[in-house]
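Chains Z and E, in that order, give the protein sequences.
The opening residue of the first sequence carries number 0 in this note's numbering; numbering runs sequentially from there.
The opening residue of the second sequence carries number -10 in this note's numbering; numbering runs sequentially from there.
In case anyone wonders, no lab produced these hints; they're calculated from the structure.
Using N, Cα and C, we set each Cβ at its ideal position, and we do this for glycine too.
Hints are supplied without guarantee of correctness; some may be wrong.
One-sided and incomplete, this derived list gives chain E residues near chain Z with beta-carbon spacing under 8 Å [said to hold, decoys possible]:
(1) Phe51
(2) Gln62
(3) Tyr77
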Amino acid sequence: MALSRRTGGRSRLTIALLVLSSLTLLTLDFRDAAVVQSARRGAATVFSPLRGAAETVSAPFTTAWRGIADYGDVEDENAELRRQVEELQGQAVLEEEAAQQLGELLPQLDIEWIGDIPTATARVIAGNPSNFSHTIDLDKGSGAGIEVGMPVVNGAGLVGQVVLVAEDRSTVQLLTDPDFQVGVKVLPGGATGTARGQGHGEDLLVDTGLEDDSEGLPRTGDAVTTSGLELSAFPGSIPVGTVADLRETGGLTLELVVRPQADTEKLSFVTVLLRPVPDP
Amino acid sequence: MTPPTPLRVALRTSLVVIVVLAIQLGIAPGLSLFDVQAELPLLVAIGAGISTGPDRGAIIAFGTGIAYDLLLQTPFGLSALTYALVAYAVGGMQDSVLRAAWWIPVTTASIASSVGVILYGVFGTVLGEDLINLDLLRIAAIVGLLNALASPLVLPAVGWAAGGRGRSMPMRAVYR
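Taking the hints into account, I'd like the entire structure generated from these sequences.
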């Protein structure tokens, strides 16, 4: 009995110390302690070969599993793609006219062309490592000029932002991450706001500060791009998504539901904009 | 049978944790079910609790959580905190339920995995991650199922590594 009580007391002391240690680490992380980032960089570098080996060995099995588990989705996607091909064939004749209209609109919308920014194209080598993480890993790192804070895009638009860099690997926080924020502009109205991620497969939310009776309210289907305001890590005019809905917040202002342009669930290659990250 | 030395336990446990993390990061994302993947490091934590009790189980779970946190971009220490508490709770239950029929550790692992996911969501929300929603319950349920499927491989590996008490006990339900 006495032994059991002593053991129970020791267990409680152990768990209390572990909880305290965890809280200390969480506090260090929230204060952006350099030691945490260094440890993460080191761990990513050391673990990279093991992870790569596991991915290579398991590739046939994971492919087979996806074939089984996602069969319905693949069929749906196939049907959707066929429909889109037919639609695009029909629209091809309108392309020339659309291009002409775009040429007229660009100067009006003051779109900044990002073609001059140096880029690094990288392959996505790992998806989300856990159910609560919203990151992907790329096969290029500081060796390719990539730095923390740089924007990541693909052909469709904004994908996310680099949050961790090792020599030959980097980690990108996806725009669907609830911690992700980016300044955006709604076109053609010009309303600005901050877009926030809402998790896997979810739309973004943009609080514009606009009220129900404000002039130039955004409409469903309006384009949303990065605003590129001064000191923003993101250059302007990167497509972010389209307005899917407008809804009232708890207050008087309206919130935009924005469907991301880039499909973050199916990324193979992305482009990192090698743009110096402004100091906050 | 003489119990393994602390050094041997540390080496074996490190080996198991490294292998499990490699599988979690390299393989588990490709074996997801309804876009939810198994949480194998959490299963290691639960296995440590089952094998070694609340005290050592919580320490091993804490170490596993730290290692996992190093490889994620989630709050550093969140997995460690959650895993330590889950292992402590599971280890405490093992004082009442010793070696058991094969399905009891599997069921324990499944339920504890779901509870661990919800606990992670609660702590994450306290830290500003906004994780409490209906999707959390869906994730918890699927993680419980996937971890139950993985437990016949992971739990014995953790038991071997941690040199748990009662390893030679008969595989029958024994209630105290």
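Against the structure, the hints come out as follows:
Satisfaction of the interface hint for phenylalanine 51/E is found here, the shortest Cβ-Cβ separation to chain Z being roughly 5 Å, below the 8 Å cut-off. With its C-beta approaching chain Z no nearer than about 5 Å, glutamine 62/E sits inside the 8 Å limit, and its interface hint holds. Contact between tyrosine 77/E and chain Z, as hinted, is supported at the beta carbon level, the nearest pair being about 5 Å apart and thus within 8 Å.
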